[in-house]
Structure formats: structure tokens, C-alpha cells
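Novice: Model the full assembly from the supplied sequences, consistent with the hints where possible.
As given, the protein sequences belong to chains A and B, one line each in that order.
So the first sequence is numbered by my numbering: it starts at 1 and just counts up by one.
So the second sequence is numbered by my numbering: it starts at 1 and just counts up by one.
Certain hints may be false.
Said to hold, decoys possible - On the chain B side, residues computed to face chain A include the following (Cβ under 10 Å): (1) ALA6; (2) GLY39; (3) ASP147; (4) LEU155.
Said to hold, decoys possible - Pair ranges (Cβ atoms, derived): (5) B:GLU21 / A:ALA89: 53 to 59 Å; (6) A:ARG281 / B:THR62: 30 to 36 Å; (7) B:ASN13 / A:ASN102: 32 to 38 Å; (8) A:GLY93 / B:THR18: 30 to 36 Å; (9) A:ASN103 / B:GLU21: 41 to 47 Å; (10) B:PRO37 / A:GLN2: 44 to 50 Å; (11) A:LYS406 / B:PRO37: 49 to 55 Å; (12) A:LEU16 / B:ARG182: 53 to 59 Å; (13) A:LEU420 / B:ASN13: 50 to 56 Å; (14) B:GLU108 / A:VAL170: 45 to 51 Å; (15) B:ALA43 / A:ALA55: 17 to 23 Å; (16) B:THR18 / A:ALA55: 22 to 28 Å; (17) B:THR18 / A:ALA89: 30 to 36 Å.
Bear in mind the hints are in silico, worked out from the structure with no lab data behind them.
C-beta atoms are modelled at their ideal positions from N, C-alpha and C, and glycine is treated no differently.
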Amino acid sequence: MQITSPTFKANAHEALHDAQLQRALGNVRSGFIHKRAKAVGALPEFEELRDNAKAIKDHVLEHLDIYLETYEKKVEDAGGKVHWAETAAEARGIILDICRMNNARTVTKGKSMLTEEIELNDFLEASGIQPVETDLGEYIIQLRGEHPSHIIAPAVHLNKDQVEQDFRRVHTEFAQDRDLTEPEQLLSEARQVLRQKYFDADVGITGANFLVAETGTSIIVTNEGNGDLTQTLPRVHIVVASIEKVVPTLDDAAQILRVLARSATGQEASVYTTLSTGPRRDNDPDGPEEYHVILLDNGRSAMLGTEFQDALRCIRCGACINHCPVYHAVGGHAYGWVYPGPIGAVVTPSLVGVDKAGHLPNASTFCGRCESVCPMRIPLPKMMRHWREKEFERGLNPAVARYGLKFWLWFAKRPRLYRLATYLAMPVMGLFGGHKRRFRFLPFAGGWVRYRDLPAPEGRTFMQQWRDRQTINQDARG
Amino acid sequence: MSGRDAIMNRIRNVLNATDAEDDPRRVAASARIDFPPRGVIPARGQLGLDGRIKLFKKMAETAAATVEKVSGPGEVPKRLAAYLRKHNLGAKLRMGSDKRLRSMPWAEERALQVAIGPSDGSDEVTVSHALAGIAETGTLALASGRDNPTTLNLLPEHHIVVVNAKDITGDMETMLDMLRERFGKGVMPRTLNVITGPSRSADIEQTLLLGAHGPRALHIVIVGGK
Numbered sequence: 001m002q003i004t005s006p007t008f009k010a011n012a013h014e015a016l017h018d019a020q021l022q023r024a025l026g027n028v029r030s031g032f033i034h035k036r037a038k039a040v041g042a043l044p045e046f047e048e049l050r051d052n053a054k055a056i057k058d059h060v061l062e063h064l065d066i067y068l069e070t071y072e073k074k075v076e077d078a079g080g081k082v083h084w085a086e087t088a089a090e091a092r093g094i095i096l097d098i099c100r101m102n103n104a105r106t107v108t109k110g111k112s113m114l115t116e117e118i119e120l121n122d123f124l125e126a127s128g129i130q131p132v133e134t135d136l137g138e139y140i141i142q143l144r145g146e147h148p149s150h151i152i153a154p155a156v157h158l159n160k161d162q163v164e165q166d167f168r169r170v171h172t173e174f175a176q177d178r179d180l181t182e183p184e185q186l187l188s189e190a191r192q193v194l195r196q197k198y199f200d201a202d203v204g205i206t207g208a209n210f211l212v213a214e215t216g217t218s219i220i221v222t223n224e225g226n227g228d229l230t231q232t233l234p235r236v237h238i239v240v241a242s243i244e245k246v247v248p249t250l251d252d253a254a255q256i257l258r259v260l261a262r263s264a265t266g267q268e269a270s271v272y273t274t275l276s277t278g279p280r281r282d283n284d285p286d287g288p289e290e291y292h293v294i295l296l297d298n299g300r301s302a303m304l305g306t307e308f309q310d311a312l313r314c315i316r317c318g319a320c321i322n323h324c325p326v327y328h329a330v331g332g333h334a335y336g337w338v339y340p341g342p343i344g345a346v347v348t349p350s351l352v353g354v355d356k357a358g359h360l361p362n363a364s365t366f367c368g369r370c371e372s373v374c375p376m377r378i379p380l381p382k383m384m385r386h387w388r389e390k391e392f393e394r395g396l397n398p399a400v401a402r403y404g405l406k407f408w409l410w411f412a413k414r415p416r417l418y419r420l421a422t423y424l425a426m427p428v429m430g431l432f433g434g435h436k437r438r439f440r441f442l443p444f445a446g447g448w449v450r451y452r453d454l455p456a457p458e459g460r461t462f463m464q465q466w467r468d469r470q471t472i473n474q475d476a477r478g
Numbered sequence: 001m002s003g004r005d006a007i008m009n010r011i012r013n014v015l016n017a018t019d020a021e022d023d024p025r026r027v028a029a030s031a032r033i034d035f036p037p038r039g040v041i042p043a044r045g046q047l048g049l050d051g052r053i054k055l056f057k058k059m060a061e062t063a064a065a066t067v068e069k070v071s072g073p074g075e076v077p078k079r080l081a082a083y084l085r086k087h088n089l090g091a092k093l094r095m096g097s098d099k100r101l102r103s104m105p106w107a108e109e110r111a112l113q114v115a116i117g118p119s120d121g122s123d124e125v126t127v128s129h130a131l132a133g134i135a136e137t138g139t140l141a142l143a144s145g146r147d148n149p150t151t152l153n154l155l156p157e158h159h160i161v162v163v164n165a166k167d168i169t170g171d172m173e174t175m176l177d178m179l180r181e182r183f184g185k186g187v188m189p190r191t192l193n194v195i196t197g198p199s200r201s202a203d204i205e206q207t208l209l210l211g212a213h214g215p216r217a218l219h220i221v222i223v224g225g226k
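Specialist: Spelled out as C-alpha cells, the structure:
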């Protein structure tokens with residue numbers, strides 16, 4: 001997909017004025033937060049599980065080479081094949097080769113953000129292979145030629161009347177006057193259309209939530225059962241996973257699964273947790289005959305050992321997105337690439353470059369809700385600050401901000417002068433505030449005062465008040 | 001240099017990896033795989049058998065499954081025939097060659113047709129036997145193979161799963177131990193379906209609907225126990 005992160009400000013402005021989108025985003029604010037809180041409240045060990053989930057992934061990252069080797073060997077023992085890809089282009093090439101070797105015409109896909117990252121669908125189509133998304137939300141946005149606006153609820157930016165229009169446009173095999181006003185009817189129609197696609201497909205592609213080194217197993221988690229049909233019915237199953245998805249043991253996966261479902265959808269457990277190991281065995285009457293895993297790096301190994309390593313713990317649950325006031329306001333598409341919300345603001349600059357995605361770490365109020373709900377305890381606000389520092393170092397932010405900060409720094413390093421200046425400025429600014437004691441216009445801050453007034457300073461500076469308070473405290477003690 | 005070598009070299013450089021057999025990192029990793037640490041096990045499922053069965057039933061029902069209990073395997077055909085009648089379904093079932101299912105008295109239900117083998121998608125109702133149940137979340141674990149083909153878990157409208165009461169564990173980790181015992185440490189069936197309730201989607205306006213791509217209904221029969 002074309003990266004539109006550089007125009008984040010314009011994207012956000014457009015999103016704020018999109019009435020359909022704003023109506024749909026209401027579902028994020030009202031649904032996810034409450035459901036997560038309820039599920040977390042029902043499990044007294046939740047915080048302890050978070051600590052352990054974090055510890056498991058930290059341990060994995062410190063032993064990543066060993067677990068990847070072990071995993072690879074176990075996959076091969078089970079009759080599967082592991083392919084390594086450094087870049088998106090390499091991964092696409094390997095997938096195409098497998099498809100061509102199997103004369104594939106259609107490919108069904110389980111939900112996978114990684115295949116969004118490598119722009120697999122456009123590539124397959126250009127190569128004459130029809131990819132069919134099977135997750136209901138992914139299917140809807142594929143019909144619309146859009147990209148997911150949320151990592152676990154890809155069509156959350158849409159309302160049902162929009163879906164109805166798309167189904168009427170594309171599903172021309174059904175009667176034009178059929179009733180499609182209820183979500184049940186839309187789901188039922190999609191189920192019918194997609195059921196045949198599973199059987200027609202030559203290759204099924206899924207992502208992976210976990211790769212288990214102990215057994216060479218890939219695990220996917222779905223509620224619809226679409227990823228599970230995708231990997232069961234076609235002759236070939238391809239798993240596309242990034243290298244940090246590996247965990248040591250099945251028990252480790254079980255620990256993280258407990259925080260994943262609750263953080264994502266507020267479920268006690270997702271409906272289908274499917275563990276796949278190699279192709280069908282001699283005694284298997286169903287399942288794929290070939291099993292391939294593509295281990296993709298695409299910038300992850302370069303994050304290892306840097307201040308962004310902690311982001312590799314991410315399990316893509318979407319909790320940070322669901323709780324982000326900026327996401328609530330602008331939705332996922334404004335972020336301009338695959339991963340929206342706080343985690344997107346952190347990994348997008350890592351994966352596509354801070355020169356393209358520098359606005360994203362700035363799109364934060366630093367309220368800290370993302371970190372407080374992250375099951376893997378990723379310090380998202382701290383990482384956004386790291387990106388802001390890098391952006392500043394590289395001179396990527398606007399001149400007004402840069403010189404303003406430099407000017408302030410000069411003062412801040414000279415405390416006596418700073419105090420004197422604020423002491424003198426305070427009453428003057430108070431005067432300009434007028435009888436309402438508010439600024440309606442400010443030079444260099446037009447964007448701020450356009451929507452609200454800035455309170456004018458009243459009385460004394462912070463340092464003056466602090467000194468008085470210290471004196472009072474001393475008197476009280478004395 | 002292959003993609004594999006390039007990726008591995010980058011990782012190994014950052015982690016100061018060595019090839020020494022006694023590299024503490026290598027020792028720690030293989031110890032973890034050989035003896036998986038238990039982690040945090042929620043107290044919720046740590047109950048006696050009766051308590052586990054009760055919790056399993058409650059949690060499965062919370063996940064929109066239906067649950068009934070029978071005292072022995074001989075009762076299952078009669079109860080399933082009743083289930084089909086109650087839901088206005090045809091008197092037809094499909095199952096795998098699991099001996100525990102096959103040895104049930106299906107012939108006593110004269111009207112009932114029982115087909116054997118994987119599903120091609122045309123079956124309205126299928127029956128599987130679970131490897132285990134997990135009380136903590138009302139979850140079923142089903143291993144693939146001729147006994148219980150994976151397609152039976154995913155393609156029907158109604159999926160009926162029989163589970164022995166004594167196989168209902170308190171937590172997922174105990175189920176994983178059963179799996180290791182049955183298949184050998186480090187060995188897995190091709191597919192292990194871990195299922196909690198019937199298929200669902202909330203992709204349209206976050207409205208939760210049952211029966212997305214998998215079964216619209218999941219019915220669980222617990223055999224034995226109180």
C-alpha cells in the first residue's frame with residue numbers, strides 16, 4: 001500500500017470531518033474498552049499473567065537465534081518447510097513460487113497483518129492469482145479496495161449500510177430485492193459466498209499468532225473459523241510470520257493466549273485457537289498436503305538491541321488502539337500505513353523510516369492509556385518520545401518548533417534569568433488577557449486557539465508559589 | 001549470503017551469540033524446552049472433578065455453547081437423536097472412526113443415519129470426540145486424524161462434541177500435558193483445534209453474531225461424572 005503517513009495532518013483533518021467514519025468510530029469507544037475491563041476484572045491473576053507474558057517475550061528476544069533454529073528443525077521434522085525472507089519482496093517471491101509450483105489460481109487468506117505489510121494481495125493479483133480474504137471484515141474491505149483500519153477489526157470504520165451497498169454491487173448472483181438491512185443477513189450472505197471459495201482455493205495463506213519452538217507448531221487465533229478453514233481445505237498451507245512470533249513452549253503460548261483474548265476483544269478465550277504442525281499425516285483424512293512457513297524479518301532484527309526492542313513483544317491485540325483518544329478521533333486510515341494507533345506510531349517509523357512517519361509519534365496526548373492496557377507492558381509513550389528526539393536530531397520538525405525550543409532551552413539553562421523573565425512577563429500577559437482573562441489569539445499558536453481559548457496567567461509564577469508553600473510547610477513543622 | 005544467514009547473523013551479532021555447546025544462552029533455551037516452566041495458573045479451574053465439570057459447563061454456556069450431561073456412553077445416541085428432533089434437523093450425523101464414538105449403540109436409533117469419514121461441507125450435523133475439556137474457559141481440545149477429522153469441527157451447521165468427564169482439566173497447561181503423554185514430548189497431531197463456543201463475528205458495527213464461517217451451534221455432551 002502507498003504510505004500516506006507523511007500527510008497525517010491532512011488525513012486526520014479529513015477524518016474528523018467524515019460523518020460516516022465518526023459514527024462508526026463510536027463503536028470502538030463504546031465496545032472494546034468496556035469488554036476488556038470486564039474480562040480483566042473477572043481474572044484476579046491478570047496482572048501476574050501480564051508480567052509473565054512480558055518476561056516470556058523478553059526471554060525470547062534474548063535467545064531469538066536459538067529458538068528460531070529449534071523451531072525450524074521441528075517444522076522440518078514434522079514434514080514442513082521453512083523459508084527465510086529478509087524483505088517484503090523476498091517473501092512475496094517465495095509465496096509466488098509456491099503458488100506457481102502448485103498451479104494456483106485462487107488463494108484464500110486468513111486474517112494477517114503481515115501480508116498487509118508485504119502488500120501481498122496486489123502482488124498476487126498482478127501475477128494472475130486471485131487472493132480471497134475470508135475474515136468477514138477483511139472480505140468487506142477487499143470488496144471496497146481498502147486496507148484495514150484496525151488490526152483486529154479491519155472494517156470498524158464502516159457502517160452496515162455501506163456494507164449493504166457493497167454486497168449489492170458485488171454479489172450479483174442474488175435477487176436484487178433481497179432484504180439486507182440486518183447484520184445477520186449480511187453475515188449469512190458472506191458465509192454462503194465464501195464457503196465455496198474455501199473449496200475452490202488451491203492454496204491457503206494464514207498469519208501466525210505464535211510459532212512454538214518446542215513442537216514446530218504455528219498457532220492462529222480466530223473467532224469466525226475462517227483462518228481454520230483456510231488452512232484445512234486447500235492442498236497447500238502457507239504460514240507467513242515475522243521472526244519475533246516464536247515462543248519456546250506450548251505452555252508459554254498458553255500464558256500469552258490468556259492475556260491476548262482478554263486484551264483484544266474482552267473474551268475469556270477466542271473461539272478457535274488452532275495449532276498446526278506440518279502437512280497431513282498418513283492417518284489424516286483431511287488437511288493440507290504441503291505446509292510452508294515463511295519467516296520474515298522486514299526490519300525486525302534491526303530493532304533488536306535498540307531502544308525500540310520492547311516493541312517486538314507486541315502480540316497485535318489492538319488494546320492500545322482501542323484505548324487511544326487520537327485513534328478514537330481520526331480512525332486507522334489517517335495513520336497512513338498498516339499499523340495504526342500507538343503501536344503504529346512506534347513501529348511505523350522503525351519499519352518505513354522516521355522521515356516518512358515522523359508525524360505519527362507526535363499524534364499523541366501522552367495520556368498513557370496505551371501503556372496501561374498493553375498486555376506486554378510495552379512502554380509506548382516512552383518510545384514515541386524517542387522518535388520525537390530522533391525527529392528533532394534530524395531536523396525533521398518545522399522551523400518554528402525547532403527555533404522556539406532552542407529559544408526556550410537558552411532560557412531554561414539560565415534559571416535566574418528565566419525566573420526574572422517569567423516574574424516580569426506574568427503581569428504583562430495578565431493584562432493582555434483582558435477582563436475575561438483568556439487569549440483568543442496567539443502568535444505561532446493559531447492551531448491551538450482556533451478551537452479553544454488559552455487561559456491567561458493570573459497572580460504569581462510557579463516558583464513564587466513553591467517558595468511560599470515551602471515556607472508554610474516549614475512553619476507548620478517548626 | 002542467504003536470507004537465513006543474513007537474518008541470523010544480525011540477530012547473533014546483537015546478542016553476542018557463540019557456537020559453544022555450553023553457551024549459557026543455549027543451555028537456558030534447551031532447559032526451557034525440555035522442562036517447560038508452568039507459568040501463572042489461574043486459581044479458578046483448580047478444583048476437584050465435580051467442581052471442574054460444573055465450571056466447564058458454566059464457562060462453555062457463557063461462550064454460547066449448549067451442554068448436557070449423560071451418565072454413560074450408551075446414552076449418547078438417544079440424546080443426540082433428541083437434539084436433532086428438538087432443532088428440526090434431519091436424522092443424519094457424520095463422525096470419524098473414534099472407537100469411543102463407534103462403540104455407542106447407534107443402531108438403537110433406527111431412524112438415525114450415521115456416516116463415517118471427513119466432511120465435504122454438505123453435512124448439517126457432525127459428532128466429534130474431544131481429547132479434553134478445559135474448565136477454566138469452557139474450552140474443548142480436538143486432535144486431528146482419522147478418528148476425528150478436522151473438517152468435522154469446522155464445516156457443519158451444528159457441531160456436537162462428546163467429552164469424557166474425567167478428561168476435563170482445570171487449565172490449558174494440564175491439557176498440554178495430556179497431549180504430550182498421548183503423542184510424545186515435542187510431537188503434535190497435525191491439527192489441534194482448541195474451541196470455545198460456536199463461530200462468531202463482530203465485524204459489522206461490532207454487533208456480535210453467531211455462525212460466521214464455522215458452526216452456528218456447538219453442543220457438548222459430557223459423559224460420566226456427577
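Novice: Which earlier hints can't be squared with this structure?
Specialist: Going through the list in order, the structure violates hint 5 alone and respects the others.
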